[in-house]
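Trainee: The lines below spell out each chain.
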Amino acid sequence: MHESHPVTTQRASGDAVAIAARRIPRPQERFLAWLDRQAGAVLVLPAVLVILVLSIFPLLFSLYLSLSRFQPVAGGFRIDFVGFANYRKLLLGTEREHFLGSLGHIGVGGWMVFLLLAGLWVFLLWRSLSSGPVTSLRILGHGIVAFAGLLALWLAVRTIAASTGRPGTLVVTWVYVFGGVALQFLVGLLLATLCAQQLPGRRFFRVVFLLPMMITPVGVAYTFRMLTDTGKGPFAPVANWLGYANVSWVNDPWGARIAVMIGDLWQWTPFMFIVLLAALESQSSEPIEAAIVDGANRWQIFWHITLPQIAPVASTVILIRLIEAFKIFDMPNVLTGGGPGTATESLTLHAYVLWRSLDYGTSAAVAYSLLFVVTFVGIAYVRLMHRRLTEAL
Amino acid sequence: MTHRLSRRQLLAMTCATGSALLAACRREEATPTPGPAAGTPATGMRFDGVEVNVITFTGPQIAEPLQRRAPEFQQLTGAKINVITVPFADLYQKILTDFTTGTNSYHVIVFAPQWMADYVEPGYLEDLTPRIEADPALQWDDIAPFFRNFSATYGGKIYTIPLDGDFQMVYYRSDLLEAEGLKPPETWEDYLAIAQRFHGKDLNGDGVPDFGSGIAKRRGAQSYWMFWSIAASFLQSQGTQQGSFFDADTMEPLTNNEAFARALEIYKETGKYGPPDELNWDVGDSRAAFVTGRCALTIDWGDIGTLAIDPEQSKVKDKVGAIILPGSKEVWDRSAGKIVTCDANTCPHAINGVNHAPYAAFGGWSGAINKNAPAKVKDAGYAFLSYMSQPAQANVDVTIGRTGFNPYRTSQFENIDLWVKAGMSEAAARNYLGAIKDSLNSPNMVLDLRIPGAQRYQGVVLDTVLSRYLAGELTTKQAMEELTKGWNEITNELGREKQKQAYRSSLSIR
Numbered sequence: 001m002h003e004s005h006p007v008t009t010q011r012a013s014g015d016a017v018a019i020a021a022r023r024i025p026r027p028q029e030r031f032l033a034w035l036d037r038q039a040g041a042v043l044v045l046p047a048v049l050v051i052l053v054l055s056i057f058p059l060l061f062s063l064y065l066s067l068s069r070f071q072p073v074a075g076g077f078r079i080d081f082v083g084f085a086n087y088r089k090l091l092l093g094t095e096r097e098h099f100l101g102s103l104g105h106i107g108v109g110g111w112m113v114f115l116l117l118a119g120l121w122v123f124l125l126w127r128s129l130s131s132g133p134v135t136s137l138r139i140l141g142h143g144i145v146a147f148a149g150l151l152a153l154w155l156a157v158r159t160i161a162a163s164t165g166r167p168g169t170l171v172v173t174w175v176y177v178f179g180g181v182a183l184q185f186l187v188g189l190l191l192a193t194l195c196a197q198q199l200p201g202r203r204f205f206r207v208v209f210l211l212p213m214m215i216t217p218v219g220v221a222y223t224f225r226m227l228t229d230t231g232k233g234p235f236a237p238v239a240n241w242l243g244y245a246n247v248s249w250v251n252d253p254w255g256a257r258i259a260v261m262i263g264d265l266w267q268w269t270p271f272m273f274i275v276l277l278a279a280l281e282s283q284s285s286e287p288i289e290a291a292i293v294d295g296a297n298r299w300q301i302f303w304h305i306t307l308p309q310i311a312p313v314a315s316t317v318i319l320i321r322l323i324e325a326f327k328i329f330d331m332p333n334v335l336t337g338g339g340p341g342t343a344t345e346s347l348t349l350h351a352y353v354l355w356r357s358l359d360y361g362t363s364a365a366v367a368y369s370l371l372f373v374v375t376f377v378g379i380a381y382v383r384l385m386h387r388r389l390t391e392a393l
Numbered sequence: 394m395t396h397r398l399s400r401r402q403l404l405a406m407t408c409a410t411g412s413a414l415l416a417a418c419r420r421e422e423a424t425p426t427p428g429p430a431a432g433t434p435a436t437g438m439r440f441d442g443v444e445v446n447v448i449t450f451t452g453p454q455i456a457e458p459l460q461r462r463a464p465e466f467q468q469l470t471g472a473k474i475n476v477i478t479v480p481f482a483d484l485y486q487k488i489l490t491d492f493t494t495g496t497n498s499y500h501v502i503v504f505a506p507q508w509m510a511d512y513v514e515p516g517y518l519e520d521l522t523p524r525i526e527a528d529p530a531l532q533w534d535d536i537a538p539f540f541r542n543f544s545a546t547y548g549g550k551i552y553t554i555p556l557d558g559d560f561q562m563v564y565y566r567s568d569l570l571e572a573e574g575l576k577p578p579e580t581w582e583d584y585l586a587i588a589q590r591f592h593g594k595d596l597n598g599d600g601v602p603d604f605g606s607g608i609a610k611r612r613g614a615q616s617y618w619m620f621w622s623i624a625a626s627f628l629q630s631q632g633t634q635q636g637s638f639f640d641a642d643t644m645e646p647l648t649n650n651e652a653f654a655r656a657l658e659i660y661k662e663t664g665k666y667g668p669p670d671e672l673n674w675d676v677g678d679s680r681a682a683f684v685t686g687r688c689a690l691t692i693d694w695g696d697i698g699t700l701a702i703d704p705e706q707s708k709v710k711d712k713v714g715a716i717i718l719p720g721s722k723e724v725w726d727r728s729a730g731k732i733v734t735c736d737a738n739t740c741p742h743a744i745n746g747v748n749h750a751p752y753a754a755f756g757g758w759s760g761a762i763n764k765n766a767p768a769k770v771k772d773a774g775y776a777f778l779s780y781m782s783q784p785a786q787a788n789v790d791v792t793i794g795r796t797g798f799n800p801y802r803t804s805q806f807e808n809i810d811l812w813v814k815a816g817m818s819e820a821a822a823r824n825y826l827g828a829i830k831d832s833l834n835s836p837n838m839v840l841d842l843r844i845p846g847a848q849r850y851q852g853v854v855l856d857t858v859l860s861r862y863l864a865g866e867l868t869t870k871q872a873m874e875e876l877t878k879g880w881n882e883i884t885n886e887l888g889r890e891k892q893k894q895a896y897r898s899s900l901s902i903r
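If you read the protein sequences in the order shown, they are chains Z and R. Residue numbers for the first sequence follow our numbering, beginning at 1 and rising by one. Residue numbers for the second sequence follow our numbering, beginning at 394 and rising by one.
It is possible that some hints are incorrect.
Pair ranges (Cβ atoms, derived) [what the hints assert, rightly or not]:
1) R:S728 x Z:G378: 53 to 63 Å
2) Z:K327 x R:P767: 35 to 45 Å
3) R:D534 x Z:L227: 50 to 60 Å
4) Z:R96 x R:G865: 16 to 26 Å
5) R:S901 x Z:I144: 50 to 60 Å
6) R:E658 x Z:G378: 15 to 25 Å
Which chain Z residues stay away from chain R? Per the calculated CB distances, all over 12 Å, these [what the hints assert, rightly or not]:
7) G107
8) F123
9) L150
10) L186
11) R202
12) R388
Hints in this document: simulated from the structure, not taken from any laboratory. Computed from a prediction, not measured in an experiment: that's the story for all the values here. All C-beta atoms, glycine included, are put in the ideal place defined by N, C-alpha and C.
Just chain R, same shape as in the assembly (with noise of 0.2 Å):
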């Protein structure tokens, strides 16, 4: 005879194993806890059984010098650290998630600090200000101004260490601009008419007619800081106080205007002089044209530069040159309401009569630390983010090309040594650096968004019309009005008033 189970005897035994279950892995749980508390004596070492989680994005770059330096940094002091890579479109949003959630799974953050407010308004971050006046070995002054005093400080507080150096350039092949006997672009107007010389031509010698000009123009990817690289010597031209982004005084997009009109039909002119597919291609596609020598011209952040070194992937080594964002001859002038050429009032910064505006587009990779970490955990994350930034660590990384850092430190734009070292003949080294000097010192250097909701403004309705804009499904005028629309939009929402403020604050107003 069969024995059935009554449906009792059933749910006996259920309990019976659950709680056996159960209490096996508590007991598994509780054995491997006493481990490390025991081992941190016997190493000696200051964060022995520390474990900090570092979000970033997935890389290659960023995230490659982090994780390659990372086993160094646990053999100097114990500290384990795991780095944690999500895609470019989801870190902003995975971060805040895990902070307002109280998950707080994530220790070290390093983020564009553009975000900043979104992350310092609600107290998630650490204030870094008396770790990094007690750490002289961060060397915090060799650290550019801009980064320190913009990029790095949120109301007057220290929040971020930064990583990387990020201001958008522009580069020419400098062997095809000699051989025309052509100057590096000055203007908006002179890089259009480079690149016409040069689209369709062969230039990389493989038969095969190249482009004048390559953009990262892919929605959803870097599109939005190219044309604010063009927008911004339109509309900013009495320093970086002035903003390029809303007026101060009542929030009112700076994107409905004439001068506005001109810089996008610039940004789609470019593409006439582009490849075929450049609306699907981000910047990842636009560097790998550019230094196999598809393209005569790109916007770029820094990394060109390195890259173009690199004798992996580089068909153009010390064919490169590096310039200051091409200004513009007449700007925006906010109180007449209208557009006007360049004179010492209306461009006090113009050099030889054209308003360049170099536009820091995202800062720069930082680091930062969660606030709601563990004390010993913020210790260890502090530690690493310094150790990642002083300059033995930094002013080697900042030379190799697949890091994704660039220049931040005087250090590095001083020292030709360290890029000679690394590949770069003298003249492009100097050349490079200058171009980076120049924008860096310039005083209308142009500060990204950084206000609550930049990346909606930016990622989502800005990156939106441009796409739509560029696919024809917009023209200039409807592009501008949708774009202010859309930003009233979100300014309202927010709460007009709290987003002047926030603004006001970002560049530092009174």
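Just chain Z, same shape as in the assembly (with noise of 0.2 Å):
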């Protein structure tokens, strides 16, 4: 057997050892092991303290800023705990119509949107238990779930579709989030089928298509700030022309939220567009074709062929993209410095604003409850849709 032989030199009497020692030295070829059995760990430690000086530790730190109170004081700084004071300004004290706006009366086509969509997020959450064991651990995460989604439409439909109601920071940046990457997604993959096609000057729209990746987003907000402008923008001849010299998007909520929509949507298409490109380019031509014998028109060829197939990467660009979204800054910032009033002020922005004070511990409250946010619907996407759609292939 293999192992004979070795193990008795090792295991050996007394003589042996003896004999091995004077072959070799010892100590040396012990310390030259030891070093050999670390390497990997030091190899390694660079990554880990990067991370943990960059990353774990001002994640633990913001926490604790954020259940604290900062103060400059005499020689430097002060920060005293006060517990979850911030979170409750939040919640429940002054900064809560501006972190979750004010409820409104909502009338029968609000409860009718009310009703639709909460009847769709039980029944998706409701595939969803179904579709493995029921086990009660299971049960209990798909119960909270359903709950934070169910207060959050609610929430969303009593400040939006109320009329009295008006939209704090966070739900106007789950509009930014929801309302913006669907239409990103759509419009990108739009782009992406017209592109995929064999027509002339393809090439150069593919280019054109992706250059408002490539601009810094303050360059893209002042430029949108400029076309925006009726007054002295370079669309002010055209809006004078149709009587709207002076209408002013800024001063109606909606219309400056649009505007900064539009602007997002401008941006951040092309990398939709160019991640669909890619999967529409690389889907296998033979059930197509096949298709094409068959006599499919070419709807059901989309529909039925490559919607699939591209579906497990449409699914993780949005999913990137969702996550992205919520951080939404400079658009609002420069566009309209979160105006008229906190209209179009994202969870990001609300922080700033609070941080440019020194107002630390409300500022670090805030990008808590955005990372919580974030982290939520992440796993929720991943959840109910995201290996739904990556197993269907």
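Reassemble the complex: the two chains are provided individually, in unrelated frames, and hints are given to aid placement.
Mentor: As structure tokens, this is what we get:
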């Protein structure tokens, strides 16, 4: 057997060991072997340290900040622990209206929208739950997700659909994220489908459609600030001619929000476009050719063959954009400064406004709320949609 | 056969390369050090080799004169001035972070004296009193008393050198008012009436209807100062020491009462005669609009006077009049808790029965020195600030619109020639300087809020409430409640007694 010989040398009597020791200097050998064993850890150490210093430590420290109050004092600063006071301020105190908005009374239409969306939400959760073994832990998890989702939906409907309500920064961010990403996906898919055709000039348009992504967001925001200026912007003559010279989008909350979303759409559609184009071009052609032979029309081919084939990629790119979109900052900050009122203020901008005046505690509380919401949305999306879509293939 | 590195060899090589690199870096670092030291005696200049980092906001205003004069100063003294600029909204916080963390990368700060309480209390700023006393070239007594005694001083010590004189005035189109036989506005009601009269008419001959009034109302910009210019005339009538923000005995905000409601309503009504996107205008927009003849009236600092004579952008040269901020015939009586008509008791400083309260908004850009900077750098930094403020330089800079510097020295508003040389007609210069003098000589001048957290009271809470009020998110009543609640929350958080003391000492109440 293989093990017989070496084992005897190692576990040998005193003589054998003495012989081995005479052949090779033992402490050095041990030391080198120890070094070799540590090498792995040492090689990984710099990366671990970098992550600890740059990522984990700030994360924990900002958590502590969100539970405390920062004050500059003689010779430095003081951080007092205040418990959940900052979160209380956001959810119940003076920042509540700013953060959550004010609730209005919803009419029949509002109720219909709520019930429809709530029904869809419950259906999605039920489908997810029934796709695996029903354990108590899974029921609990799904229950929490269902409750949080319904609460969020309730808040969104009461602040947006109700005439007297007004969305706070949390709901405005949801509008940017869900509305924006949906639009970006649809436009991106449309452009990608067009560019995947054998059309003349498609190489040129591929480059053109990609350009917005290369421009710095602040540059894009300033450009849109000029474009949307009906008084002296480049479209001022057009607005004048149409009789809209004295109407400004910036005076209307939804006008301003839509302007922000158009800017974001312009900036981020290229990302969707390039990934979806790659997916479209890498799909196998055999099923499509077979479908053509079978007499399927273009729509049927797209819906039944192309879409399922690109679903995993599409779902991934939506997930990436969802997480990204929560951090929207440049566009509302430059375009409207969060105005009119607080109508276009996103969560990041809300945190920034507080941070700017050294209210680090509340600012960190807003940032942590954002982190919480992003994580929740990310996990819910992966559980409910992403896995299904990627497994469909 | 390929030779493969063992992990041990890789580590050894990495260590060797790393130490070699470190050694190389150290050597590079070491070489230039003796350079400047050796240079000093050779050239014989006072601050040779000294580098001073000056931080201020991204201009072009304020930063422009500093950058333009830095090379001159370097030629004179050898000190190199690096002007670092950051966006205005970040300035307060950037400076404070640099100081609290002990980074001290900024040696000289050119900032709003309004934030002084937050910088002086923890001991970050150098007391300039002895340096100023020993500096005759600065001509300290030439600086207007308000700026010397209120803006530059905190707790009896001088911490800043004024570079700019800031208080707000109302500007009007003198040609239009003359043609219609109207007098410049004395009260805010007059302001609205004049604005209404000219709104929708073509005011600059380009065939497009223009606006009666144009005020910077953008959120996160200057709107809260513009608003307080209106509010102050209702809230303060007993002279500078009365203060316009809080009751000095209780630290209760003066923001939830009938008089404040009137101010809010007037502020909102100016929007009726303003451009459609006024909510998105900062002073850049309102100034451009006024000097291109698009507005009949505006509220602004001294800048418009000099911008209006700038041949590159102005279409209203010698058609601009300036006047002390309009006032009110009714004021808030704190002890009676009601709004009262002006008489000898309620408005002792009234002119023609109108209570004017010229508002020293922002307080004027001023320079201060970081106490923790090296001694040599502090000397050079002080010399630079003094150089900027000396009449030889300052009296030229205040006549140039793009500097953003407004008059703050007596010699600047006594000397008409200075302004005529800069391009103003004599009549326009007399009118402009007259309005400045009226404001500065008023015993009822309003001091800007200068207590710890001033930036939070005004820049966050007041700014947000005003923006929401104008956008229709809040009614007048809700706006006042929200503002009062927000201010009280900050006061309680920072300590009511401490804040009250700071407020009283900013008003020099013993």
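Trainee: If a hint holds in the structure, say so; if it does not, say that too.
Mentor: Verification of the hints:
| no. | hint | verdict |
| --- | --- | --- |
| 1 | R:S728 x Z:G378: 53 to 63 Å | holds, 59 Å |
| 2 | Z:K327 x R:P767: 35 to 45 Å | holds, 40 Å |
| 3 | R:D534 x Z:L227: 50 to 60 Å | holds, 53 Å |
| 4 | Z:R96 x R:G865: 16 to 26 Å | holds, 19 Å |
| 5 | R:S901 x Z:I144: 50 to 60 Å | holds, 59 Å |
| 6 | R:E658 x Z:G378: 15 to 25 Å | violated, 47 Å |
| 7 | G107 | holds, 21 Å |
| 8 | F123 | holds, 36 Å |
| 9 | L150 | holds, 27 Å |
| 10 | L186 | holds, 29 Å |
| 11 | R202 | holds, 39 Å |
| 12 | R388 | holds, 41 Å |
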